[in-house]
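Novice: Chains A and B, in that order, give the protein sequences. Throughout the first sequence, residue numbering follows numbering that gives the first Met the number 0, covering 0 to 341 in sequence. Throughout the second sequence, residue numbering follows numbering that gives the first Met the number 0, covering 0 to 327 in sequence.
Just so you know, these hints were derived from the structure itself, not from any lab. Some hints here could point you the wrong way.
Straight-line distance between alpha carbons at most 30 Å, and here's what the computed DSS-like set of lysine-lysine pairs gives [said to hold, decoys possible]:
{"#": "1", "chain 1": "B", "residue 1": "Lys71", "chain 2": "B", "residue 2": "Lys162"}
{"#": "2", "chain 1": "B", "residue 1": "Lys214", "chain 2": "B", "residue 2": "Lys264"}
{"#": "3", "chain 1": "B", "residue 1": "Lys214", "chain 2": "A", "residue 2": "Lys149"}
{"#": "4", "chain 1": "B", "residue 1": "Lys162", "chain 2": "B", "residue 2": "Lys186"}
{"#": "5", "chain 1": "B", "residue 1": "Lys264", "chain 2": "B", "residue 2": "Lys312"}
{"#": "6", "chain 1": "B", "residue 1": "Lys168", "chain 2": "B", "residue 2": "Lys119"}
{"#": "7", "chain 1": "B", "residue 1": "Lys312", "chain 2": "A", "residue 2": "Lys149"}
{"#": "8", "chain 1": "B", "residue 1": "Lys186", "chain 2": "B", "residue 2": "Lys212"}
{"#": "9", "chain 1": "B", "residue 1": "Lys114", "chain 2": "A", "residue 2": "Lys149"}
{"#": "10", "chain 1": "A", "residue 1": "Lys149", "chain 2": "B", "residue 2": "Lys162"}
{"#": "11", "chain 1": "A", "residue 1": "Lys149", "chain 2": "B", "residue 2": "Lys249"}
{"#": "12", "chain 1": "B", "residue 1": "Lys264", "chain 2": "B", "residue 2": "Lys247"}
{"#": "13", "chain 1": "A", "residue 1": "Lys315", "chain 2": "B", "residue 2": "Lys186"}
{"#": "14", "chain 1": "B", "residue 1": "Lys99", "chain 2": "B", "residue 2": "Lys114"}
{"#": "15", "chain 1": "B", "residue 1": "Lys114", "chain 2": "B", "residue 2": "Lys168"}
{"#": "16", "chain 1": "B", "residue 1": "Lys186", "chain 2": "A", "residue 2": "Lys149"}
{"#": "17", "chain 1": "A", "residue 1": "Lys315", "chain 2": "B", "residue 2": "Lys71"}
{"#": "18", "chain 1": "B", "residue 1": "Lys162", "chain 2": "B", "residue 2": "Lys264"}
{"#": "19", "chain 1": "B", "residue 1": "Lys186", "chain 2": "B", "residue 2": "Lys71"}
{"#": "20", "chain 1": "A", "residue 1": "Lys315", "chain 2": "B", "residue 2": "Lys119"}
{"#": "21", "chain 1": "B", "residue 1": "Lys212", "chain 2": "A", "residue 2": "Lys149"}
{"#": "22", "chain 1": "A", "residue 1": "Lys315", "chain 2": "B", "residue 2": "Lys99"}
{"#": "23", "chain 1": "B", "residue 1": "Lys212", "chain 2": "B", "residue 2": "Lys249"}
{"#": "24", "chain 1": "B", "residue 1": "Lys71", "chain 2": "B", "residue 2": "Lys168"}
Examples of chain A residues lying across from chain B (beta carbon under 8 Å, computed) [said to hold, decoys possible]:
{"#": "25", "residue": "Thr152"}
{"#": "26", "residue": "Thr154"}
{"#": "27", "residue": "Asp217"}
{"#": "28", "residue": "Asp218"}
{"#": "29", "residue": "Glu229"}
{"#": "30", "residue": "Ala259"}
{"#": "31", "residue": "Lys302"}
{"#": "32", "residue": "Gly308"}
{"#": "33", "residue": "Phe314"}
Treat the numbers as computed from the prediction; the structure is a model and nothing was measured. Glycine residues also receive a C-beta, built at the ideal position from the N, C-alpha and C atoms.
These are the residues of each chain, in order.
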Amino acid sequence: MTVADERLARTGTARRLLLRPELGAVVGAVAVFTFFAGQSATFRSVEGVANWLDPASTLGIMAVAIALLMIGGEFDLSAGVLTGTTGLITVVLATRYGLAVWTAMLVALVAALLVGYLNGLIVVRTKLPSFIVTLGTFLMLQGANLGVTKALTGTVQVGGLRRAEGYESAHAVLAGTVPVAGTDFRVAILWWLGVTALATWVLMRTRAGNWIFAVGGDDQAARAAGVPAERTKIALFMTTAGAAWLVGSVMALRFTSVQANSGIGQEFVYIIAAVIGGCLLTGGYGSAIGAAIGAVIFGMADKGIVFAGWDADWFKFFLGAMLLLATLANRLVRRYAEEVRR
Amino acid sequence: MKWTKGLVVAAALGLTALTGCSGGPAGQSGGEPAGASAPAAAEAGAFAVITHAGAGDAFWDVVKNGAEAAAKRYGVTVSYQGDGDPARQSQLIDQAVSQKVDGIVVSMANPDALKEAVGKAVAAGIPVITINSGGDRSREFGAITHVGQSEDVAGRGAGDRLKAEGVGKLLCVIHEAGNVGLDQRCKGAAEGLGGTVERLQVEVGNLADATSKIKARLQSDTSVDGVLTLNPAVAIAARDAIADGGSKAKLATFDLSADVVTAVKDGEILFAVDQQQYLQGWLPITFLILYRDNLNTVGGGLPVNTGPGFVTKDNAGQVARLAESGTR
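Assemble the whole structure, with the sequences as input and the hints as a guide.
Specialist: Below, the structure written as structure tokens:
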């Protein structure tokens with residue numbers, strides 16, 4: 000087939016695929032999978048897949064929300080510790096105050112959304128960098144988690160959720176397992192796929208998606224074009240907080256106890272996954288699917304190291320090397336894609 | 000662009016080389032010279048030790064050394080993994096189950112969170128032995144035994160001894176926010192002491208800050224005449240805090256390190272409660288092999304106690320040599 004105008008030829012499917020932000024992550028994921036599948040037969044078995052999809056799922060839910068926020072040009076360092084906060088609220092209310100699990104979770108959701116709303120409000124009103132604002136929230140939540148938990152329960156772990164009313168149904172919906180090919184897969188994997196699909200739809204098919212790209216790309220221009228920048232950013236912070244609630248609830252229901260220090264340090268992992276997935280630290284570019292694949296890469300590298308039987312003392316080194324490698328491969332592909340476009 | 004491509008290739012080669020190396024020790028462990036004359040029962044096996052401690056913790060390195068020494072002695076493979084996050088610890092257990100290991104050794108700082116994973120291992124027919132913490136839940140979860148030290152008993156022992164030294168107001172320094180065992184030690188110490196016990200929260204990952212926090216507490220309340228730390232590195236931080244602040248408080252600690260033993264010898268630390276964690280690595284591997292080969296269980300339904308032993312000025316000299324070699 001001949002095309003008269005060469006500009007028309009550029010919209011071919013292959014080229015369009017090359018321009019997708021998540022392509023680098025896909026290549027990285029394939030590379031990491033091939034690498035570890037060669038190292039360990041268990042890694043590529045169905046059981047092995049269930050093993051490494053497990054950490055990828057909860058990480059992925061957060062990474063997708065963080066990716067939306069990063070595309071919108073902001074950070075959230077309080078997201079990790081907020082998963083612990085929501086879990087603690089649910090467990091404390093259900094076990095110490097006799098609330099049904101679902102009711103306790105609803106209260107925790109309201110609290111999480113409030114934290115997200117305040118994060119967003121402070122950022123858009125004060126124009127302070129979100130890095131600083133959410134760092135403040137992070138520290139406050141960390142202190143409150145420990146302080147309030149100890150004051151209410153006299154200990155640093157609250158447990159016993161298994162005996163609370165409504166535990167069975169909540170556990171089945173959020174923390175149960177689904178048998179696939181004779182192996183139990185975590186139901187959180189489905190939530191993760193759902194969240195990724197929803198986020199992708201919002202980004203690619205709705206007006207809100209355009210607003211997110213616009214406020215992350217050029218805030219001033221977006222405002223001038225009539226984008227409700229403040230509302231968009233506050234909504235993004237609340238989305239992240241909502242995701243933290245989902246993950247916090249999954250964890251609390253699964254382990255039936257929450258430690259006062261849980262979730263701390265995870266915020267960087269979310270950002271890492273989003274960046275591997277093609278999000279730029281400067282905003283305005285990225286994808287939800289990419290962040291989900293970033294989470295898969297992280298899950299595979301994390302568990303692959305154990306499956307390969309490497310000395311645990313070197314664990315973090317290998318993890319760092321794998322992440323660097325995946326991110327470099329990602330950049331390589333993106334640069335190639337940009338050259339093709341020119 | 001060019002150098003990026005080069006770097007990717009170099010990194011890939013580097014990783015391949017590293018994995019090549021790492022295959023070595025695991026492969027060798029079965030071929031010990033002793034194997035030639037050993038009875039046929041000593042067939043190789045693979046065991047997983049999964050603790051709640053991150054890499055590089057001095058205390059847990061001794062546990063790891065114990066497990067690895069046992070592996071070498073029996074000609075089996077032991078993989079040691081640790082993670083303070085209970086979610087990730089339970090994933091490590093799931094992983095060991097899918098690798099179909101011959102036995103799992105697990106420390107349970109947060110038993111509730113591990114219930115499901117341990118249950119899955121037991122259901123898969125893999126014998127489990129719990130170590131260090133979580134001994135009161137061990138049987139309920141289906142473990143064949145628990146190897147460790149009862150934290151209440153050890154805390155009470157420490158409290159008793161501090162009382163005998165005339166301590167009336169004690170500062171109990173907690174170094175891991177999520178660890179119930181540490182809370183139990185402080186509670187036990189309060190029972191033994193009969194006096195006032197105040198708790199102070201520090202981060203084991205930031206010892207400089209721990210030192211200044213302890214110092215600040217001692218300076219702001221001069222009636223504190225005793226400090227109990229629950230980790231050897233924090234003990235050294237507390238020793239410095241006491242010296243820097245010119246405090247007269249007496250110091251005691253849980254667990255040993257070469258530095259702690261020296262400080263006990265020099266009279267800077269009154270005593271160290273020793274739970275002999277080397278045994279928490281060595282014994283479970285031994286028990287699992289006994290169970291596999293001969294269906295033996297140890298402890299008769301009660302935990303196997305590895306402590307408390309006390310290291311004081313009298314015996315510190317002998318222990319010092321061993322602590323330096325990483326077995327005490």
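Novice: Going by Cβ atoms only, is A/Thr154 closer than 8 Å to chain B?
Specialist: With a minimum Cβ separation of about 6 Å from chain B (threshold 8 Å), the hint on A/Thr154 holds.
Novice: Taking 8 Å as the limit, does the beta-carbon of A/Asp218 come near enough to a beta-carbon in chain B?
Specialist: Violated: closest Cβ of chain B sits about 31 Å from A/Asp218, beyond 8 Å.
Novice: Below or equal to 30 Å on CA atoms is what counts here, so check B/Lys186 against B/Lys212.
Specialist: holds, 21 Å
Novice: For a C-alpha distance cap of 30 Å, please report whether B/Lys114 and B/Lys168 respect it.
Specialist: violated, 38 Å
Novice: Please verify whether B/Lys214 and A/Lys149 have alpha carbons no more than 30 Å apart.
Specialist: holds, 23 Å
Novice: Does the alpha-carbon distance linking A/Lys315 and B/Lys119 stay inside the 30 Å limit?
Specialist: holds, 27 Å
Novice: Is it true that the CA of B/Lys186 sits at most 30 Å from the CA of B/Lys71?
Specialist: Status violated; Cα separation ~39 Å.
Novice: Close enough to count: is the Cβ of A/Phe314 nearer than 8 Å to one in chain B?
Specialist: holds, 6 Å
Novice: Does the alpha-carbon distance linking B/Lys264 and B/Lys312 stay inside the 30 Å limit?
Specialist: Distance of about 5 Å is within 30 Å: holds.
Novice: Sort out whether B/Lys264 lies within 30 Å of B/Lys162, counting only the CA atoms.
Specialist: holds, 21 Å
Novice: Is the straight-line distance between the alpha-carbon of A/Lys149 and that of B/Lys249 30 Å or less?
Specialist: Roughly 27 Å separates the two Cα atoms, so the pair holds.
Novice: Are the Cα atoms of B/Lys212 and B/Lys249 separated by 30 Å or less?
Specialist: holds, 17 Å
Of the numbered hints given earlier, the model fails hints 1, 6, 7, 13, 15, 19, 24, 25, 27, 28 and 29; all others are met.
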